[in-house]
Amino acid sequence: MNIDMSQFHQVFFDESQEHLDDMEQLLMAIDLSQVDAEQLNSIFRAAHSIKGGSGVFGFDALGKVTHVMESLLDLARKNLLKLDVELVDEFLTTVDVLKNILQAYQSASPQDDILINTTKAKLESLLDKHDSILQEQEESQGFGLFETSASSKQTDEAFGFFEQDALESDGTQAAADNSFGFFDDTPAKANTNAGASILATTNPAAESAQKPLTSAERRPARTTAAAANPAATESTTIRVDTGKVDNLVNLVGELVITQSMLSLVGAQIEGVMAEKLQSALIELDRNTREIQDAVMSIRMLPISFVFNRFPRLVRDLSATLGKEIELVIEGGNTEIDKSLIEKLADPLTHLVRNSIDHGVELPEKRVMAGKGRCGKVTLRAQHRGGNIQISIIDDGAGLNRERILQKARENQITVSENPSDQEIWQLIFAPGFSTADAVTDVSGRGVGMDVVKRNIANLGGSVEIESQQGKGASFHIVLPLTLAILDGMGVSVGGNVFIIPLVNIIESIQAKPAQIKTVQGSALLNVRDEYWPLLNLYQVTGLEPEFKQPEQGIIVLVESNQNRFGLVVDALEGQQQAVIKSLEKHYKKVTGLAGATIMGDGSVALILDIESLSRLVKKDAIKELS
Amino acid sequence: MSQTTDVASKHAIADPEMNEFLSFVLGTEHYALDIMKVKEIRGYETVTKIANAPPYIKGVLNLRGDVVPIVDLRIKFNIGEASYNEFTIVIMLNVLGRIVGIVVDAVSDVVTLKHSDIMPPPEFGVAFNSKYLRGLATVEERMLILVNIEALIGSDELGLFDARTATEQG
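As they're listed, the protein sequences go chains X and B. Quick note on our numbering: the first sequence kicks off at 24 and runs consecutively. Quick note on our numbering: the second sequence kicks off at 217 and runs consecutively.
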């Protein structure tokens, strides 16, 4: 039988990557003062699965290292090896090395043999060290009570005794049945008792012998549990190509449109059948919406997929920098599109590193500033209407206005005469701004804040900064939920329908002529003693509107992150849910548009990007008035 | 979908005897493009206009869930009259991993051309720049202008894609 194993490689790589991620998270979560046996078992299982897989596929380098790691973990979970910080660190390093090995296999690039061998040697030396310690312990325990050989012999005997004799010699069938029943549930307990009582009568060293026996006997039961667990997870999740899911999303979109068309046709039918048809159509409507929701949710993953890498990063980085940092993660369950998750990792990592490196001060400095020694970095994700906002908040020194300005001057970046804080903070996103002593540079990374900003902008998001000298800085990444359904208001101009995201809308009004003032050629709207600049949608879109005067049409008051203004449109078409379609997929990015959506009749409506439209608004006129 | 097309087109180039072209009409001229790039042919429907787009980009329409740009080559290259009636045709193309529709006056035929049938393109006398042309061929006394549709759609002159995304796709 000749099976092409390479077709399974990708699955193995994916699974191993997940196992390694799990291992990392579990290692990070271990509380050394009170080690949770189940956690250790999970780590062991992950290592074991990787080892098994790499053996099958012939990835020897991966197998070799994992094998030694597995041996160590095995000892640890049997309580034969005490976990300490050094060991956990070593495990974490090994996980990193394993990731590298996996990557190399995946890209079919040569393995770093030196790294592999040193890692293996390091682990083996730990294993050897442990063996010698164990031997010493045994000797010292045996000493004075029994000879070493006697002690270990006794243990062997106990094994033999239990396996062969305990059930039978204890006599009755009932007892044996009972023991069988026990074996599945609490074998360790049964064994211990049996072993202990037998030993107690024969051997004063029962106390010391009991421990290894207990854990050794526990093993078969645990292994079954380990085997049963992956089976359970396999049955609840399947791996699907994202392309297939995308295809499904599109098809469902089509279904929704067909359904809407059918509803339109159904509404025109009269007679006896009409009522029956109507109720069937209503049913169909509900079902299609439910299918749509369900399909949409397939692509959504909790953001903890990205967040979970940060405890490790913070731990390593704070150790290197000699800082004490507590990482708080909030809103890890917030769901976000999978494609965004992958692309978020790099910018987020940069921002978190940035906060730790430059935001949070050294413990001594913090104490001097009257703050606690331990700095706090918060990662928070939350939904804000149609957007998801991810914040990286630190309680460090905050951005230094003067230094940024100075740096900007050195780099010949033009700064307005009396810049606001916001303007200054945005300077750090300028290309080439980060140099070795710049406020925002993370040394030796080769990636500047400009790349962060660009990456986020490519995802259709923006980065905002808040900072207070001495109190800390917050970076807020605002991202659209690209594939999520957007709640929007349909508006029309010259017969064309546009969608305004509902999040941006404050209210819609029909203005009286008296409310409109013209200052310096731009129209302003007075609502409850507040002046709003007006933007004519027909001018932005180059369409011929029904009404050119603002008071004839409808004014939608909208707000963006920076600006509030009124958008003049012909009419409101009603609220609706819109599936955001990217214009860039087949065309290119268009200023002022966040994307497009498909309407009930199958036509395309464009979704307005209030954020970029707000930049077209002239603010000078407002200043003049106020 | 696009993958199979690519494979097929490579195959077609490797075997010059088997080149098939879809011929279409712009104004009074007859053109043809590699049939492997054609996704489908449909009647012209109303499109959604895009603000500040050049006039030859008619707008976007919904192709089974994809928002696809529609280009009128007649406007871009000043060929014939850009009128829209029930006979106006849109050829949906699968190029560079994207879907783009082009408006034409009519679709005539599928022609099979041997490599030896194709003559080099003229330097002038055709509305298109010669870098977008594959050559000329004569079919049934009629001259066909073979368009290198991939080069045309992906060109900076048409500006259909952001320069950056176009290279990513390429």
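Hint data in this document are derived by calculation from the structure and do not stem from the laboratory. These figures come from a predicted structure and were not determined experimentally. You may find that some hints are simply not true.
[Unchecked claim] Straight-line Cα separation of at most 16 angstroms, EDC-like style, residue types lysine to aspartate or glutamate; simulated pairs:
| # | chain 1 | residue 1 | chain 2 | residue 2 |
| --- | --- | --- | --- | --- |
| 1 | X | Lys611 | B | Glu373 |
| 2 | X | Lys145 | X | Asp112 |
| 3 | B | Lys265 | X | Glu567 |
| 4 | X | Lys611 | B | Asp378 |
| 5 | X | Lys611 | B | Asp282 |
[Claimed, not checked] Which bits of chain B does chain X cover? Going by a derived footprint, with three or more residues having C-beta under 8 angstroms, they are:
| # | segment |
| --- | --- |
| 6 | 285 to 296 |
| 7 | 319 to 332 |
| 8 | 356 to 367 |
Virtual Cβ for every residue (Gly too), placed ideally from N, Cα, C.
Give me the numbers of the hints this structure contradicts, sorted from smallest to largest.
Checked against the structure, the hints that fail are numbers 6, 7 and 8, while the rest are satisfied.
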